Amino acid sequence: MTERTIRDLLAEHEFFAEMSPEHIDLLAGCGRNVVFPANTAIAHEGDPAEHFYVLRTGRVAVGIHMPQREPLVVATLGPGDVLGWSWLFSPPYWRFDALTTQETRAIALDGVCLRAKCDADPALGYRLMQRFAHILVQRLEATRVQLADLYGKTHAG
Amino acid sequence: MGSVVIDRRGFELLIAALQSRDYKVVAPTARDGAIAYDEIGGVSDLPAGLTDEQEAGSYRLWCRDDDALFGYAVGPQSWKRYLFEPKTVVFRAQRVERVGFVRAGPSDAAPRYAFVGVRSCEIAAIGIQDRVFLGGSHADPHYRARRDAFIVAVQCGEPGGTCFCASMRTGPRAEAGFDLALTEIVAGDRHEFVVEVGSSRGDDLLGQVPSRPADSSDLGAARAVTDSASERMGRRLDADGLPERLAAVLEHSHWDQVASRCLGCTSCTLVCPTCFCSRVSDTTDLKGLEATRTRTWDSCFTLGHSYLHGGSVRSTIRDRYRQWLTHKLSTWVAQFGTSGCVGCGRCITWCPVGIDITVEVQALLAPLGPGRPTVSPGAGAPVEPAAPAEVPR
Amino acid sequence: MLAERVSEPMEPQPYRVIEVRHETADVVTFTIEPTPGIASMDALPGQFNMLWAFGVGEVPISLSGLRPGGVLVHTVRSVGTVSEALTRLHSGEIVGVRGPFGRGWEVETAEGDDIVVVAGGIGFAPLRPVVEHALANRSAFGRVVVLVGARRPEEMIFDEDLLRWAVATDDIAVEVTVDAAGHDWSGHVGVVTELVGRARFDARHAVAFVCGPEVMMRFATRSLQERGVPLGRIRLSAERNMHCAVAHCGHCQLGEYIICRDGPVFDAARLLPLLTVRGR
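Protein chains in written order, with my numbering: chain A, 1 to 157; chain B, 1001 to 1393; chain C, 2001 to 2280.
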C-alpha cells in the first residue's frame, strides 16, 4: 500500500466530504499524523487546546471529572468523528477530558494555523464553520435525547 | 310472513306467550323519573300514557293525553347492560398444588332474554357491538350467550329532542335485526299494533296471538308514524365524510373550548349504547386460594384508561374528549367498519353540562378564518333550532 | 347466532417457570413451559403474551425468546404491582399465560435484505427473537446489524448474548451504547440513534426493526430515514395499555388502530404520524 499523504487522508474523511480540493489542500498544511496508544489522555480539562483531531481509527471517551465520583463518560467518538472545537475560540482551553479506550489514529490539525487560514480565506472559514455547526447540532440533539432519560421506568417488557 | 295487526289485548297475549316460552321479558318501565328497562310481569308494567322531554343536559317525563305504551324516546339505559353487562366475572381460579391453578366453578349461565320495545337506533347499536364482541378473531362468550335474545322492536313515533338517528341512517324505522317489529297506532278509540315479522321464530310466536292481516291503510298508517318521526328529529348531524373531516382537525382549538366545559364525568360513555370499553380487575379471597377476574365497564374519560407505566397518555380532558368524539365518529370506522354513533342523543341529554356532540362537530368542522377559529358556542349557549333532516331510505 | 361454547379469551393457562435469570437490578428473564395437559402455542417473534400473576393481575409482555417444544422466554421489568410480582417468580412456580397475541415482526419478509435491529432499554427484549431468527437462517439475509442502547452499562440486558454474537459470530455487527458510563466501559457512549449513522448496511436494501421508548423510536426512525431507509421498511413496535389483548376492551387504541389486534408491530409510514399527535 502506498503511503497516503495528510491531504489524501483528509479528503477520505467524512468530515471533509463536501469540501473542495483547494480547501483541503489548504487545511492539509496544518495537519500531522498522530497515534495514541489505548488509555492515553489526549486532552485534559483546562489545558490549552492547541489541536483539533480528525479521528481515523480507534475510540476516544469524552468525560467529565467529578470530585468523589467515578469519572463520567458522556460521549464516545470514533472513526469519522472529530474531537475538539475549543481551538475555535480564544483563549482556547479544553472543556472536557478525552481519553483513548483503544489505540487511536488521528490527524492533528494545529489550531493557530487553522485560525490563520480561516481568517485569510473567509470562504474556507465559512465551509469549516458550516461543518462544525452540523456536528454541533447533531451532538446537541443527542444530548437532548440523553436528557430525556429515555429508559426511565416506562416499559414493562 | 306478511304484516298483521293486533290489538292491545293481543299485545298482552304476545308478552304472555314469550313468558310461557321461558323468556325473561325485559321492557321499558317508568322508574326514578325516567324510562328504565326492567323485567316485567306483564303489559301493566309498561309506562302507559307517558312521554319524555329531552334537551341538552335535561330529561323530564310528562303525561300524554292518550294511553300509548311506547310514546317516548330512549331513556338513559340501553340494551347494552343486558348483552354486555356492567360487571361480569370472566374467570375464577382455584390455587392447586403442583399444577398451580385450575378453573373454578361453572361457566357463565346466560339468561334467556326477550327484549320488548327495542328502537331502531338500538338495533343499530347492537349491530355495532356485534362487530366488536363477535366480529374479530376472538368472540366474547358472555356477549354471545346473551345475544340470542328475542327482539321485539318498536318503531319510533316520538323522537326525542336530542335524537338524530335520521342523520346517522339508523332510524327511525327498523328494517331488520328484529324478530317482530311493532308500530303502535293510537287514534281516538283505536289502539292497535301493526306487526312486521323479521324471523321464523317471530312468525311462530305471532301464530299464538289473535290477529288480522294488515291492509294497505294499516301499512300506510304505520309508515306515517315513522315518517312523521323522522321529520321531527331534535338534532341533525352532517355525517358525510365525517371520519376524514374529523381526522383533519385533531389540533383544532375548539377541543380546548369543549374541555373547558367537560367535567370528564364519563356519563356520555355510560349511557352510550355502543361504548364498549372495559377493564379487568383481579381479586382473591382472604386466604389467597381463589382468584376472580372481573370485567367492568370503563370509560375513556378516566385517567387510568390510557395509563402506561408512569403516567397517562391522554392526560388532559381535551385529549380524552377528542379521543371519545373522534373514536365515535372517525376512527371507529377503520377499526370496525362502521361508525360508532347511532344518533340516539343520550350523550347530549345526559351530559350534566349539556355538551352536544352535534354542535361540537359543527364547530370543529366550520370553515376556519385566518388565525384562530371563531366558532365556539359557550357553555349553556342555546342550541340552534334543528332543521328538518333528510331521511334516507 | 348462538354457536358452540366459545372458549373464554380471558382465561389464563398455567405455565411452569423452568429458569430465571436476573438481567439487571429490576429486569428478569424467565423461561416457561406449558404444564401437562396444556397445548403449547405457536408464537412468532414480535408477538406478546398476557402474563397473569395469580390474583394480582395481568400485563402484556413480549416474547424475548422462542425455544423448541413450546418453551417460551419473557423478559419483564418491574414497574408496577403485577410486573413486580412476575419478577419475583422462582423456578418451579406457576404463571398464567394467555396468547400469543398481535402481529409480529414478520422477519421472513426481509429475506434477501440487510437486517438492522435498533433496540433501546427493555425494547431489546422483543427484538432478540429477530436476531436469533436471522442467525438461525443466516444465509437468507444480507448483513445483520444489531444496535443496542441502554441508560448505563449495568442496565444492558442480554449482555451474554451480545458478547457471544460479537465474539463468536463474524457475520453480525453488534454495537452497544449507553447514555453515560465509567472508564471501564468499552462500548460507545451516546444515544443509539447515533449508531445508525455509522453502521455499515445497504440502506436501499435493508429492513429496520426498532423497539424502545416512543421518543427513541421517533429519533431512530429519523436517523434511518436520513441513511436512506424508506419509512415503509422501518418496523416499530408500539406500546399502549393492552388489557384484554383481544380487541374488546378499548384500552390500547391509537387512532385508527387497536394495538393488540393491528400491531404491536407497524411500519413507520403508518405509525409515525400517530406518534406525533400529542395526547393521542
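These are computed hints drawn from the structure, not numbers from a lab.
One thing to keep in mind: the hints can contain errors.
To be clear about the criterion: a stretch of chain C counts as covered by chain A if any three or more of its residues have a C-beta under 8 Å from a C-beta of chain A, and this derived list gives those stretches [as the list claims (entries may be wrong)]:
| no. | stretch |
| --- | --- |
| 1 | 2037 to 2045 |
| 2 | 2172 to 2182 |
| 3 | 2210 to 2217 |
| 4 | 2266 to 2279 |
Values in this document were obtained by computation on a predicted structure and should not be read as measured data.
All C-beta atoms in this analysis are idealised placements derived from N, C-alpha and C, irrespective of residue type, glycine included.
_Taking beta carbons only, do three or more residues of the stretch 2210 to 2217 of chain C come closer than 8 Å to chain A?_
holds (count 4)
*Test coverage of the stretch 2266 to 2279 of chain C by chain A using CB-CB distances below 8 Å; three residues minimum.*
This one is violated; 0 residues, fewer than the three required, reach chain A with a Cβ under 8 Å.
*asked:* Tell me whether the statement that chain A covers the stretch 2037 to 2045 of chain C is true, taking a Cβ distance below 8 Å and needing three residues at minimum.
replied: Coverage by chain A is violated here, the residue count being 0 at a Cβ distance below 8 Å.
*Count the residues of the stretch 2172 to 2182 of chain C whose CB lies closer than 8 Å to any CB of chain A, then report whether that count reaches three.*
holds (count 5)
The structure does not agree with the numbered hints 1, 4 stated previously, though it agrees with the rest.
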